[in-house]
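Visitor: Using the hints, position chain B against chain A.
2 protein chains.
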Amino acid sequence: MHAAQIEKLIEKFERLPGIGHKSAERIAFYLLENMTKDEVSDMASTMLGAKDSIHFCSVCQNLTDTDPCKICSSHKRDKSVICVVESPEDVSAIENTNEYNGLYHVLHGALSPMDGIGPDDIKINELLLRLTSGGVSEVIMATNPTVSGTATAVYISKLLAPFDVKVTRIAHGIPIGSDLEYADKMTLIKALEGRQTM
Amino acid sequence: MHAAQIEKLIEKFERLPGIGHKSAERIAFYLLENMTKDEVSDMASTMLGAKDSIHFCSVCQNLTDTDPCKICSSHKRDKSVICVVESPEDVSAIENTNEYNGLYHVLHGALSPMDGIGPDDIKINELLLRLTSGGVSEVIMATNPTVSGTATAVYISKLLAPFDVKVTRIAHGIPIGSDLEYADKMTLIKALEGRQTM
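Read top to bottom, the protein sequences are chains A and B.
Numbering-wise, this note's numbering comes out as the position in the first sequence, counting from 1, plus 12.
Numbering-wise, this note's numbering comes out as the position in the second sequence, counting from 1, plus 12.
These aren't lab readings, by the way, just hints derived from the structure by calculation.
Values in this document were obtained by computation on a predicted structure and should not be read as measured data.
Warning: the hint list may mix true and false statements.
Treat identical chains as interchangeable: a pair holds within one or across any two.
[Claimed, not checked] No farther apart than 30 angstroms at their CA atoms in a straight line, the calculated lysine-lysine pairs in the DSSO-like style are these:
no. : residue 1 : residue 2
1   : 49        : 202
2   : 34        : 88
3   : 34        : 20
4   : 20        : 91
5   : 49        : 34
6   : 20        : 135
7   : 178       : 82
8   : 20        : 202
9   : 34        : 197
10  : 82        : 20
11  : 49        : 20
12  : 82        : 49
In isolation and in its complexed conformation, chain A is listed as follows:
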């Protein structure tokens, strides 16, 4: 019973990740009732501007507005270490720790034969290319601890065997601040397997 234009607007917001029908409706009404025309037009042009100017870094494949990206071109980063992640969001998460000073490589996905995603569908070749240029001593596999993330880590580590490079995997275990009794079985197993001398 909404006007067609409102329905169409709700539909657009509904397609965004994490937004259900109710939230999309709320956002649409907010846009129509509470935002000025200038604000809406500003938002629309920000979307178009970002889409136009943001592309993949030719080195690490992360989203960037420069090429190479700020991290790849920074003189303060340790270029001998590459941390391999599935998505740009993972780069943000690690950057937010302020504890990692190496470079990244964004795969833009993980191997998933069931979904038809093979080695050529993610940025694996681009990673191999970086290693052939040399200067890299360690590759940290920081793909997600899921079936496809782990399979991707194993697959890439095998491809890297011919190179003179150490391949490591981020630790899995009980998250800090959480309770042991609420940890799932696999996490507990990983936590026990990965135990370290105190």
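Guide: Same frame as chain A, now just chain B:
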């Protein structure tokens, strides 16, 4: 550490209702990674198009792309009943029941002296104007069961006293499908007060 354009995009999404920083980041990356340029441009123009063409119905004040809106101009609706609500979302909620066949009046807010919202800040005068033209036999106050919603209902019902019109308030009580033991005190009191003969 995001590119400036990405930061700006995240910021825009973050301003929408119900979207926190994490969700905004997720939506921004989705837009940059998973949406085509055409899809983004289509979404931007839908936003601008809706903002341009949607306005308040001159009769009921609901959002509409025609004037009067489809409900006000429908020959199938009972024009002798007006249901007064706070927002266009409330109209959708009631329309979705398929049980109400009268007209609406959208106040676009509720009286809230603490927030500086007085009678002239919401569409009360527009409601009075509708009643002066006659033909209305009942006004259903369906503002929210909050302090300001109830105050608004009481205020309007007093203003309507001079008119030859029945003013009613929607029932408050235990929601269908919920459990009595989880109902809050006020809801229980309202449910008892509003008890009806079986």
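Visitor: Each hint should be assessed against the structure and marked as holding or not.
Guide: Against the structure, the hints:
1. 49 with 202: neither (53 angstroms within a copy, 42 angstroms between copies)
2. 34 with 88: Only across copies: residue 34 and residue 88 sit 28 angstroms apart there, 46 angstroms inside one copy, limit 30 angstroms.
3. 34 with 20: Classified as both: same-chain Cα gap 14 angstroms, cross-chain 25 angstroms, threshold 30 angstroms.
4. 20 with 91: between (48 angstroms within a copy, 29 angstroms between copies)
5. 49 with 34: both (23 angstroms within a copy, 26 angstroms between copies)
6. 20 with 135: between (35 angstroms within a copy, 27 angstroms between copies)
7. 178 with 82: The answer is within: 25 angstroms in one copy meets 30 angstroms, while 68 angstroms across copies does not.
8. 20 with 202: neither (47 angstroms within a copy, 39 angstroms between copies)
9. 34 with 197: The answer is between: 28 angstroms across copies meets 30 angstroms, while 35 angstroms in one copy does not.
10. 82 with 20: between (38 angstroms within a copy, 17 angstroms between copies)
11. 49 with 20: Intra 18 angstroms, inter 18 angstroms, cutoff 30 angstroms: intra and inter.
12. 82 with 49: between (34 angstroms within a copy, 24 angstroms between copies)
Consistency note: the structure conflicts with the earlier hints numbered 1 and 8.
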